[in-house]
Amino acid sequence: MKHDVFIQRVVPLLAAVTLVFLQAVSGVGAEFEEFIYDPGVLSPVDSELKVVVGDEAPDFTLPSITGTDITLSDYRGKSNVVLSFVPAAWTPVCSDQWPGYVIADELFREHNTTLIGITVDNIPTLFAWTREMGDIWFDVVSDFWPHGEVAETYGVLRTDGTSERALFLIDTEGIIRYIDVHDINERPDLGDLVEAMEAL
Amino acid sequence: MNRKTYILTALMGLTILLAPLAVHAELLDVGEVLQGTILSAPDKRDGSYLGVTGNDDFSVRDIDADAVLIQYFSMYCPHCQADAPDTVALYELIEADEELSGSLKFIGVGIKNSEYEVNYFRDEYDIPFPMFPDETGEFMDDAGVRLTPTYMLIAREDSGEMVVVFTQVGKIDDPADFLEVLRQHLADW
Numbered sequence: 001m002k003h004d005v006f007i008q009r010v011v012p013l014l015a016a017v018t019l020v021f022l023q024a025v026s027g028v029g030a031e032f033e034e035f036i037y038d039p040g041v042l043s044p045v046d047s048e049l050k051v052v053v054g055d056e057a058p059d060f061t062l063p064s065i066t067g068t069d070i071t072l073s074d075y076r077g078k079s080n081v082v083l084s085f086v087p088a089a090w091t092p093v094c095s096d097q098w099p100g101y102v103i104a105d106e107l108f109r110e111h112n113t114t115l116i117g118i119t120v121d122n123i124p125t126l127f128a129w130t131r132e133m134g135d136i137w138f139d140v141v142s143d144f145w146p147h148g149e150v151a152e153t154y155g156v157l158r159t160d161g162t163s164e165r166a167l168f169l170i171d172t173e174g175i176i177r178y179i180d181v182h183d184i185n186e187r188p189d190l191g192d193l194v195e196a197m198e199a200l
Numbered sequence: 001m002n003r004k005t006y007i008l009t010a011l012m013g014l015t016i017l018l019a020p021l022a023v024h025a026e027l028l029d030v031g032e033v034l035q036g037t038i039l040s041a042p043d044k045r046d047g048s049y050l051g052v053t054g055n056d057d058f059s060v061r062d063i064d065a066d067a068v069l070i071q072y073f074s075m076y077c078p079h080c081q082a083d084a085p086d087t088v089a090l091y092e093l094i095e096a097d098e099e100l101s102g103s104l105k106f107i108g109v110g111i112k113n114s115e116y117e118v119n120y121f122r123d124e125y126d127i128p129f130p131m132f133p134d135e136t137g138e139f140m141d142d143a144g145v146r147l148t149p150t151y152m153l154i155a156r157e158d159s160g161e162m163v164v165v166f167t168q169v170g171k172i173d174d175p176a177d178f179l180e181v182l183r184q185h186l187a188d189w
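Protein chains in written order, with this note's numbering: chain Z, 1 to 200; chain S, 1 to 189.
Just so you know, the hints here were simulated from the structure itself, not pulled from any lab data. Fair warning: there could be bad hints in the mix.
[Stated by the list, open to error] Here are some chain S residues pointing at chain Z (derived, C-beta under 7 Å):
(1) Met-75
(2) Gln-81
(3) Ser-114
(4) Tyr-116
(5) Glu-117
(6) Glu-124
[Claimed, not checked] Below, computed lysine to any residue pairings styled on SDA-like, alpha-carbon distance capped at 20 Å:
(7) Lys-171(S) / Asp-29(S)
(8) Lys-171(S) / Ile-36(Z)
(9) Lys-171(S) / Val-102(Z)
(10) Lys-171(S) / Asp-135(Z)
(11) Lys-171(S) / Glu-132(Z)
(12) Lys-50(Z) / Ile-175(Z)
(13) Lys-171(S) / Gly-134(Z)
(14) Lys-44(S) / Asp-97(S)
(15) Lys-50(Z) / Asp-183(Z)
(16) Lys-171(S) / Ile-103(Z)
Please read these numbers as outputs of a predicted model, since none were measured by experiment. Glycine included, each C-beta is placed from N, C-alpha and C at the ideal position.
All chains, please: the whole structure from these sequences, using the hints.
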């Protein structure tokens with residue numbers, strides 16, 4: 001009985017208060033304040049990678065928000081590719097990550113690298129969300145149907161149907177050269193990605 | 001253990017667990033002291049502007065000024081990107097102002113940004129005033145900042161402490177108007 005009291009009352013209280021405090025430490029851009037759904041603190045990683053550095057990147061064709069289809073292998077022999085998986089539209093850290101890439105176009109150009117953003121959201125959602133970010137110069141593709149198929153192929157589909165916050169750097173020969181499956185609650189440092197592009 | 005002991009133990013555990021996370025959940029109010037905010041040693045140019053010499057970390061209260069305007073920003077925030085040219089204009093207005101030049105200093109703090117990200121932002125928009133990274137979000141917590149951009153004007157008390165005089169969440173919009181708002185708050189202080 002005493003155990004029940006502890007589990008039923010104190011544990012949820014403890015969890016709730018911890019959650020409130022943890023949520024309070026993430027910063028959000030003022031422009032997104034009214035639109036953002038805060039899922040709270042999530043398990044850092046919730047999937048198992050199916051590719052490693054040195055593997056050929058699994059090919060895919062996915063629809064983009066501009067209405068065209070994007071095929072990964074089209075970039076072979078032309079440019080490196082960064083695949084930026086983010087968990088879902090309209091969530092706090094994700095709404096923060098791509099807007100940074102908006103002003104970093106020069107960095108990607110300097111390193112002959114094409115940036116492709118991917119989520120498991122459908123096109124209309126991605127369209128509306130990315131319009132809030134300013135001038136998106138990179139392609140954003142939808143891995144919505146079959147749901148999360150590309151994320152699953154790379155091993156970054158989480159058990160709740162969202163994807164990890166993950167970066168894959170693929171060279172001009174289609175080989176994966178850098179993988180960062182990041183803590184979903186944190187934004188990867190741009191400096192680390194630039195270092196990886198410089199190392200190619 | 002009885003029920004009371006269980007709850008007491010749990011609450012004690014909770015306190016210990018949350019102690020390092022003790023942050024200001026709300027933005028500091030006018031009249032409150034801005035504590036902490038220890039910035040890394042500036043380079044020569046920034047150091048000379050701030051009146052801070054040496055290679056040591058320093059606190060906002062070490063800045064040689066009667067008042068300091070802090071912009072809490074993120075390289076990743078579109079409003080901060082859009083606001084960047086206005087922050088440059090504001091800095092130039094302050095420096096050209098007979099009354100405020102030298103007594104009001106302007107710094108940027110990149111919350112949850114790395115040094116690389118802050119420097120990238122600074123280069124991208126040719127920001128002339130000093131900017132510091134807040135990688136862990138510690139400075140943001142010192143001030144209770146939750147949204148970017150947030151502007152916080154602090155002024156020196158006789159005790160040397162820096163007290164909040166004015167805050168604004170959101171963009172500057174008009175640098176000249178914004179400067180007059182700052183001037184008014186400093187005059188009323």
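The hints, checked one at a time:
Among the interface hints, the one on Met-75(S) holds; its C-beta lies about 5 Å from the nearest C-beta in chain Z, closer than the 7 Å criterion. The beta carbon of Gln-81(S) comes within 6 Å of a beta carbon in chain Z, closer than 7 Å, and the hint placing it at the interface holds. About 4 Å separates the beta-carbon of Ser-114(S) from the nearest beta-carbon of chain Z, less than 7 Å, and the hint is met. A cut of 7 Å between beta carbons decides the hint on Tyr-116(S): the least distance to chain Z is about 3 Å, and the hint holds.
Using the Cβ-Cβ criterion of 7 Å, the hint placing Glu-117(S) at the interface with chain Z is satisfied: the shortest such distance is roughly 5 Å. Against a cut-off of 7 Å between C-beta atoms, the interface hint on Glu-124(S) holds, since the closest Cβ of chain Z lies about 6 Å away. The straight-line distance between the Cα atoms of Lys-171(S) and Asp-29(S) is roughly 19 Å, inside the 20 Å bound, and the hint therefore holds. Straight-line distance between C-alpha atoms of Lys-171(S) and Ile-36(Z) comes to about 19 Å, which keeps the hinted pair within the 20 Å bound.
Between Lys-171(S) and Val-102(Z) the alpha-carbon distance is near 19 Å, which keeps this suggested pair within the 20 Å criterion. Between Lys-171(S) and Asp-135(Z) the CA atoms are separated by roughly 19 Å; this keeps the pair inside 20 Å, and the hint holds. For a cut-off of 20 Å, the pair hint linking Lys-171(S) to Glu-132(Z) stands: about 16 Å separates their Cα positions. Straight-line distance between C-alpha atoms of Lys-50(Z) and Ile-175(Z) comes to about 14 Å, which keeps the hinted pair within the 20 Å bound.
Restraint check: the Cα-Cα separation between Lys-171(S) and Gly-134(Z) comes to about 15 Å, which is no more than 20 Å; the hinted pair holds. Proximity of Lys-44(S) to Asp-97(S) is assessed by CA-CA distance (about 24 Å); at most 20 Å being required, the pair is judged violated. Our distance criterion of 20 Å between C-alpha atoms is met by Lys-50(Z) and Asp-183(Z), whose separation comes to about 17 Å. Between the alpha carbons of Lys-171(S) and Ile-103(Z) the distance comes to roughly 18 Å, so the proposed pair stays at or under 20 Å and holds.
Taken one by one, the earlier hints fail for this structure only at number 14.
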